[in-house]
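Number of protein chains: 2
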Amino acid sequence: MKKAIFYHAGCPVCVSAEQDILNLIPRDQVTVVHLGSEKLKVQEAEAAGVQSVPALVLANGNVLHINFGAAIEELK
Amino acid sequence: MKKAIFYHAGCPVCVSAEQDILNLIPRDQVTVVHLGSEKLKVQEAEAAGVQSVPALVLANGNVLHINFGAAIEELK
Chain A
1 MKKAIFYHAG
11 CPVCVSAEQD
21 ILNLIPRDQV
31 TVVHLGSEKL
41 KVQEAEAAGV
51 QSVPALVLAN
61 GNVLHINFGA
71 AIEELK
Chain B
1 MKKAIFYHAG
11 CPVCVSAEQD
21 ILNLIPRDQV
31 TVVHLGSEKL
41 KVQEAEAAGV
51 QSVPALVLAN
61 GNVLHINFGA
71 AIEELK
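Residue numbers (our numbering), protein chains in the order written: chain A, 1 to 76; chain B, 1 to 76.
Chain A extracted, bound-state conformation:
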């Protein structure tokens, strides 16, 4: 099964949401990507429809923007 991807940028809002999301979703069903340290993935996230972080891109392609830490533009 395709995994969900949780994109974040290490901000306090992101870290808090990450902990909550990882408590909700079985750990083997989600990949965590830190866009602050993996700059090359910003484009990938944007192509998936991510407009801000933290965001969860689901296996079905839907994007859940969870609270607001930073706009994707700020991470480029």
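Since the hints were made in silico from the structure, they are not lab data.
C-beta atoms are modelled at their ideal positions from N, C-alpha and C, and glycine is treated no differently.
Keep in mind that the hints are not guaranteed to be accurate.
[Unchecked claim] With the Cβ distance kept under 10 Å, some of the chain A side facing chain B (calculated, not the full set):
1. Ile5
2. Ser16
3. Ala17
4. Gln19
5. Asp20
6. Val32
7. Val33
8. Asn60
9. Val63
10. Leu64
11. His65
With chain A fixed as given, assemble chain B onto it according to the hints.
For chain B alone, kept in the frame of chain A given last:
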């Protein structure tokens, strides 16, 4: 264990997020509240920190605002 509460208002953004969230979280760990039809719960949601719907209030008290359907003010 205290359950999470998913607040929504029946809007398309809410319904889409609801389906995604219910796919992620075991069904018995979340209560779904439709603020459009349960107006009395708007105040309860606001007291919990909900600023817009759809939103998921977790058992630990954290609020995850997921995408944006409507501001809580619009539901009063």
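Each hint, compared with the structure:
For isoleucine 5 of chain A, the shortest C-beta to C-beta distance to chain B is roughly 13 Å, which exceeds 10 Å, and the interface hint is violated. The interface hint given for serine 16 of chain A holds, since its Cβ lies 7 Å from the closest Cβ of chain B, which is under the 10 Å cut-off. Restraint check, alanine 17 of chain A versus chain B: the minimum CB separation of about 6 Å is within 10 Å; hint holds. The restraint placing glutamine 19 of chain A at the interface with chain B holds, with a minimum CB-CB distance near 9 Å, inside the 10 Å limit.
The closest approach between the C-beta of aspartate 20 of chain A and any C-beta of chain B is roughly 5 Å, which is under the 10 Å cut-off, so the hint is satisfied. This hint is violated: valine 32 of chain A has a C-beta 15 Å from the nearest C-beta of chain B, more than the 10 Å allowed. At a threshold of 10 Å, the smallest CB-CB gap from valine 33 of chain A to chain B is about 18 Å, leaving the interface hint violated. A cut of 10 Å between beta carbons decides the hint on asparagine 60 of chain A: the least distance to chain B is about 7 Å, and the hint holds.
Checking valine 63 of chain A against chain B by beta carbon gives a least distance of about 8 Å; that is within 10 Å, so the hint holds. A hinted interface residue such as leucine 64 of chain A counts as satisfied when its beta carbon comes closer than 10 Å to some beta carbon of chain B; here the least separation is about 5 Å, so the hint holds. For the restraint placing histidine 65 of chain A at the interface with chain B, the shortest Cβ-Cβ distance is roughly 5 Å, inside the 10 Å limit, so the hint holds.
In summary, the numbered hints that this structure violates are 1, 6 and 7.
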